[in-house]
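Taken in sequence, the protein lines are chains P and Y. For the first sequence, position 213 matches number 213 in this note's numbering, and the numbering has no gaps at all. For the second sequence, position 80 matches number 80 in this note's numbering, and the numbering has no gaps at all.
Hints are computed from structural coordinates only; laboratory data are not their basis. Wrong hints could be hidden among the right ones.
[What the hints assert, rightly or not] For lysine-lysine, the following DSSO-like pairs were computed, each having C-alpha atoms within a straight-line distance of at most 30 Å:
| id | chain 1 | residue 1 | chain 2 | residue 2 |
| --- | --- | --- | --- | --- |
| 1 | P | K223 | Y | K140 |
| 2 | Y | K140 | P | K265 |
| 3 | P | K223 | Y | K31 |
| 4 | P | K223 | P | K123 |
| 5 | P | K265 | P | K223 |
| 6 | Y | K140 | P | K271 |
| 7 | P | K223 | P | K271 |
| 8 | P | K223 | Y | K73 |
| 9 | Y | K31 | P | K265 |
| 10 | Y | K73 | P | K265 |
| 11 | P | K271 | Y | K73 |
| 12 | P | K123 | P | K265 |
[What the hints assert, rightly or not] Here chain Y is said to cover these stretches of chain P; the calculated rule only asks that three of the stretch's residues, wherever they fall, bring their Cβ under 8 Å from a Cβ of chain Y:
| id | stretch |
| --- | --- |
| 13 | 104–113 |
| 14 | 173–184 |
| 15 | 224–231 |
| 16 | 244–254 |
All values reported here derive from a predicted model rather than from experimental measurement. Heads up, the beta-carbon is just placed ideally off N, CA and C, and yes, glycines get one too.
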Amino acid sequence: MKTTNQHNPRRHTALALALAATLLVPTAALAQQDETLTEQVELEEAPEAGEEGYFDYPGMDELPDGEFGEAVRSGMEAFVNTRQHPEARRHVGNGQNCANCHLGGGMAANSAPVWGAWGIYPKYRGKNDHVNTMDERIRGCFTYSMNAKGSEAGAPPEPDSQLLKDMQSFMFWAAQGAPVGENLPGRGYRSVPEPEDGYSISRGESIYEAQCAICHAEDGSGKFTADGEQIFPPLWGEKAYNWGAGMHRINTAAGFIKYNMPLGKANPVEKHAALSDQEAWDVSAYINSHERPQDPRWEGDKATTAEKWHTHKCLYNHEAHGHTLGEGTE
Amino acid sequence: MHFSHRLKTLSGLLLTALVPATAAASDLGEKLAQQGNDSGAVACVTCHGADGGGNGPAGWPRLAGMNADYLAKQLDDLASEERENATMYPIASGLSAEERQAVAEYYADMTPPEEAPGTDASETMMERGQAIAENGLWRKGVPSCVACHGPGGHGVGADFPALSGQHSGYIANQIKAWQDGSRHNDPNELMASVADRLTENEIKAVAAWFAAQPARPSAE
Numbered sequence: 001m002k003t004t005n006q007h008n009p010r011r012h013t014a015l016a017l018a019l020a021a022t023l024l025v026p027t028a029a030l031a032q033q034d035e036t037l038t039e040q041v042e043l044e045e046a047p048e049a050g051e052e053g054y055f056d057y058p059g060m061d062e063l064p065d066g067e068f069g070e071a072v073r074s075g076m077e078a079f080v081n082t083r084q085h086p087e088a089r090r091h092v093g094n095g096q097n098c099a100n101c102h103l104g105g106g107m108a109a110n111s112a113p114v115w116g117a118w119g120i121y122p123k124y125r126g127k128n129d130h131v132n133t134m135d136e137r138i139r140g141c142f143t144y145s146m147n148a149k150g151s152e153a154g155a156p157p158e159p160d161s162q163l164l165k166d167m168q169s170f171m172f173w174a175a176q177g178a179p180v181g182e183n184l185p186g187r188g189y190r191s192v193p194e195p196e197d198g199y200s201i202s203r204g205e206s207i208y209e210a211q212c213a214i215c216h217a218e219d220g221s222g223k224f225t226a227d228g229e230q231i232f233p234p235l236w237g238e239k240a241y242n243w244g245a246g247m248h249r250i251n252t253a254a255g256f257i258k259y260n261m262p263l264g265k266a267n268p269v270e271k272h273a274a275l276s277d278q279e280a281w282d283v284s285a286y287i288n289s290h291e292r293p294q295d296p297r298w299e300g301d302k303a304t305t306a307e308k309w310h311t312h313k314c315l316y317n318h319e320a321h322g323h324t325l326g327e328g329t330e
Numbered sequence: 001m002h003f004s005h006r007l008k009t010l011s012g013l014l015l016t017a018l019v020p021a022t023a024a025a026s027d028l029g030e031k032l033a034q035q036g037n038d039s040g041a042v043a044c045v046t047c048h049g050a051d052g053g054g055n056g057p058a059g060w061p062r063l064a065g066m067n068a069d070y071l072a073k074q075l076d077d078l079a080s081e082e083r084e085n086a087t088m089y090p091i092a093s094g095l096s097a098e099e100r101q102a103v104a105e106y107y108a109d110m111t112p113p114e115e116a117p118g119t120d121a122s123e124t125m126m127e128r129g130q131a132i133a134e135n136g137l138w139r140k141g142v143p144s145c146v147a148c149h150g151p152g153g154h155g156v157g158a159d160f161p162a163l164s165g166q167h168s169g170y171i172a173n174q175i176k177a178w179q180d181g182s183r184h185n186d187p188n189e190l191m192a193s194v195a196d197r198l199t200e201n202e203i204k205a206v207a208a209w210f211a212a213q214p215a216r217p218s219a220e
């Protein structure tokens, strides 16, 4: 594998987001109209890498010229510095960047790399009973992980908008030479089996304090520079991913944490873990036992929303820290 | 006006209350930096320079504008030999806890030299260094330096010191010290894990690039 010309451009962000307080569209109505508001299905686990290793994605010195090159660069910038990109930032309603959950600027194996995702779309998804394009999938990321409802635009990017063309150009470029329709080694996160005795939020709290708080802060709010540039992403609270994001599921976050966190100590590319399976589940449960922006698929009350959209491994509408989760932060 | 009069009185009171204490601390810090003390601590300026900029060829780091809590922790660790250094041990252990804090605050408040130390590294080496500093080496799972040391490598709080405006030789020596285990006072072994994955050339390149970036005054 190549060791030069690393990807992942600067994660610099600059402008603090102005929240659009004006956009208070009734969310139940929105939920029926917007095809991005779907249940997220578990994908099949990616196979282990063989001797040839992971897909050899292109280096920065292989960026194309011309209009397509411009689109790739813009899409890459939107992915890494989402809160800074002139168009993408209008759709970010929290303190996150795409690359916070897709390490290495979307290139690191076992960190949900874009080159692993590109070739499995368009894809039929039984849960919403239609074929989903990558365009629609990225809009889903904005809806949930970036909490688009609280953004300046108040919604994810329009289908087939220039921003989504740019982001897809970046993904297409990153995946050049990768087989289409294959579940590639390194795609997604590794799944971490739920421990036999389940998980413990209180054990997770101790792990969080020892392993995570130094960067993400005791109160989960992350760290930002004085002028609002993100240094470490928030994990809960109003600037975190919302109650509909994949990361609020305990199994999903445990899979991310296991081989990606603490940053630098774990290594997704070498599949090196700093935490045990049990610790990954415990700390994932602790992180996801805090309030965050409301699920945009809100059905009018927590119980109904939970019954319709939260029949997976999560703590929405469950008791934690003395109250029933799912209030939202709005 | 009554209101502004009250403000003036209030600020006057605050000044009276605060000035003696902070002045005393900064006086102590300045005195130690310039003159050392009678318990074995030689003057900091002897090696770290009058401007707190350190001395590249000798391997002595820039102190001016570094985070106060970071500097205080290093002095504490040097005194307790949690951070091993034959030169700094007698000096740090010759300072009381209060003196270590005072001298740390003194240097944190000092404006760092405007000009970066720089290096004689080639352009190719600098480009390589910048790519590692800003993008990491993700093909082998190494995150960017700025992911923890903050945008521009200007440092983040007490735990992630500034790298910008630091001497290349000092940076490279520290990374190697983490590799061989002789430095191990990083929080949660975060730096040791990253250092282990770097080659000699990568260390040289990244150290050269940070040495060419001007420092920023300490934010905290």
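Quick rundown of the hints versus the structure:
1. P:K223 - Y:K140: holds (26 Å)
2. Y:K140 - P:K265: Status holds; Cα separation ~13 Å.
3. P:K223 - Y:K31: violated (35 Å)
4. P:K223 - P:K123: violated (37 Å)
5. P:K265 - P:K223: Cα-Cα ~19 Å, so holds.
6. Y:K140 - P:K271: Holds, at about 10 Å.
7. P:K223 - P:K271: The hint holds at about 27 Å.
8. P:K223 - Y:K73: Distance ~21 Å between P:K223 and Y:K73 Cα, so the pair holds.
9. Y:K31 - P:K265: violated (41 Å)
10. Y:K73 - P:K265: holds (22 Å)
11. P:K271 - Y:K73: violated (33 Å)
12. P:K123 - P:K265: Measuring from Cα to Cα gives roughly 35 Å; hence the hint is violated.
13. 104–113: Since three or more residues must qualify, the claim that chain Y covers the stretch 104–113 of chain P holds, with 4 doing so at under 8 Å.
14. 173–184: violated (count 0)
15. 224–231: holds (count 4)
16. 244–254: Contact hint for the stretch 244–254 of chain P vs chain Y: violated, 0 residues under 8 Å.
When held up to the earlier numbered hints, the structure conflicts with 3, 4, 9, 11, 12, 14 and 16 and fits the remainder.
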